[in-house]
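Peer 1: These protein sequence lines map, in sequence, to chains A and B.
Yeah, the first sequence ends on 221 if you go by this note's numbering, and it's all consecutive.
Yeah, the second sequence ends on 250 if you go by this note's numbering, and it's all consecutive.
Don't take each hint at face value.
[What the hints assert, rightly or not] Beta-carbon label-pair distances, calculated as ranges:
no.: 1; chain 1: A; residue 1: Val-24; chain 2: B; residue 2: Ala-229; range: 38 to 48 Å
no.: 2; chain 1: B; residue 1: Ala-229; chain 2: A; residue 2: Gly-21; range: 24 to 34 Å
no.: 3; chain 1: A; residue 1: Glu-87; chain 2: B; residue 2: Ser-206; range: 19 to 29 Å
no.: 4; chain 1: B; residue 1: Arg-142; chain 2: A; residue 2: Ala-68; range: 46 to 56 Å
no.: 5; chain 1: B; residue 1: Arg-142; chain 2: A; residue 2: Glu-31; range: 47 to 57 Å
no.: 6; chain 1: B; residue 1: Arg-142; chain 2: A; residue 2: Arg-120; range: 53 to 63 Å
no.: 7; chain 1: B; residue 1: Leu-44; chain 2: A; residue 2: Gln-147; range: 56 to 66 Å
[Said to hold, decoys possible] Here are some chain A residues the structure puts well away from chain B; computed CB gaps all over 10 Å:
no.: 8; residue: Asn-97
no.: 9; residue: Cys-172
no.: 10; residue: Arg-209
Worth flagging that the hints you see were computed from the coordinates, not collected in a lab.
Please read all numbers here as calculations on a predicted model, not as lab measurements.
Using N, Cα and C, we set each Cβ at its ideal position, and we do this for glycine too.
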Amino acid sequence: MILGDFGTSYTKLVDTASEAGPRVVRTIDLEPGVRADLGTGHNARLRSDVVVNELVALAMGAKRRVAARSFVVLDCGSRDVKFVAFENGGFERAGWNSECGASMGFSIELLEMHFKLDYRTLSVPEDHLTVACGVLGMSAVFDAVAQGQEVGVAVARFVKGIAVSAHRFAGCPSVLHLCGGLCENPLFVSSLPATVNPLGRFLLLDGLREIAGSSGQPRLT
Amino acid sequence: MTERVGIIGVPPLETIRRLRDERADVVDLDATTPNINVEEEARLIPRYYCAVLRTVLSNGLRLDLDRVYADVGRGKCDGARYVVNVLKHELRAPVVETRNEDSERRGNPVCVSSLPLVEKFNKIVESVKLPDGAAGDFPASRPRCGFWGVPPRDFSLLELFPPETHVFGWARCMENKTPADMDLELEFDPEIPTVFFAQSFCAKNSIAYYLAHLHPMGFYVDGDFDISASTRAKVEAFLELNGVVGARRS
């Protein structure tokens, strides 16, 4: 069975019959014929026989990977930020910010390419820019640079601003289970004001595995 | 000649009975009217405002009414009181303020029936114009989840719920014809997963949010003119992960 997490910038695919692990493809490079039996993500409807709600995939993946019964998992993607909070093993609340907090992951990547930066070499700054969304945040970066701030510092303040916003959005947990492509960005992870447990970028695929193995009927309790 | 009379909120039973006796054509100004674009009143009311009250203003100004009865009592909100003032200034037709203090609960068979949730809300909204409430026999259902709140501007939110959804909050007060009955408004069933809904920019958001916190399986959402894709996904996930509905797959 092919499982697919069809994100805005990256697509993650796995064949459950194969020993090979998941593969990541830039979504714009994905060939037209690629389809999944079970899919989730922003573009899933275009490429999946069966589509799973992203929050459900996130919740089921987190339950598979996190032993705690009360915790918050946050998925920072290219286009949106979403979280699910569990209390005593049950669904407590969820948030999905695809409008106001949009394009945060996308803009982090865009700035790295635009300014030819390497996030592995940037230090976490003391303060941060106030970032309501990726687009407005990028304007703040350009303003800071125009006022003489060093590019690397301005971008790092932007990244920390996104991390702080995402943490607030998830309800300011002291421990945060993080998934999505930004798990691989050390500046972002270190900028989060919480103890972070990075779960990698394939958590939604784990959720799909869980659903595929339970006859497609996810239940948390 | 039949008069066309607009109502805002839930006017007292006495007013509704009088309108029935006068054989008035009663129009609920809170309800969405096809072909009326609220953006045309943007010069009179802020865009970032309660979608229902923006609808009230547009309906009031565009439906060629002979009279308006606006409930501005404890069962309605400050926002409505201000919008009624705008209507008074902008309309030639008289705008009569009422204060509904009716306290006799008339029952809520529709709220606890097995009708699909959209139909429940259609009947509840329609019942405001009917002195005797919604006509018909509505067998009660065994609840699988709850919907607390006001009728949403966008009824497509209601399509996500199963028919065994019981209605709470101000919508239950509407069916009971006791819009100022705060005790009834605050009721919920802690045994069933419940979505607590309020219109964006409405003061009821604070109590919806807090009740969702109190409820062991409560979930708060708000919605403006249209229910956003993320709100829809959140409600779907809540219902699915609590086992209220089967997995939705397309």
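Peer 1: Could you work out which earlier hints the structure fails to respect and list their numbers in ascending sequence?
Peer 2: Those not satisfied are hints 1, 4, 7 and 8.
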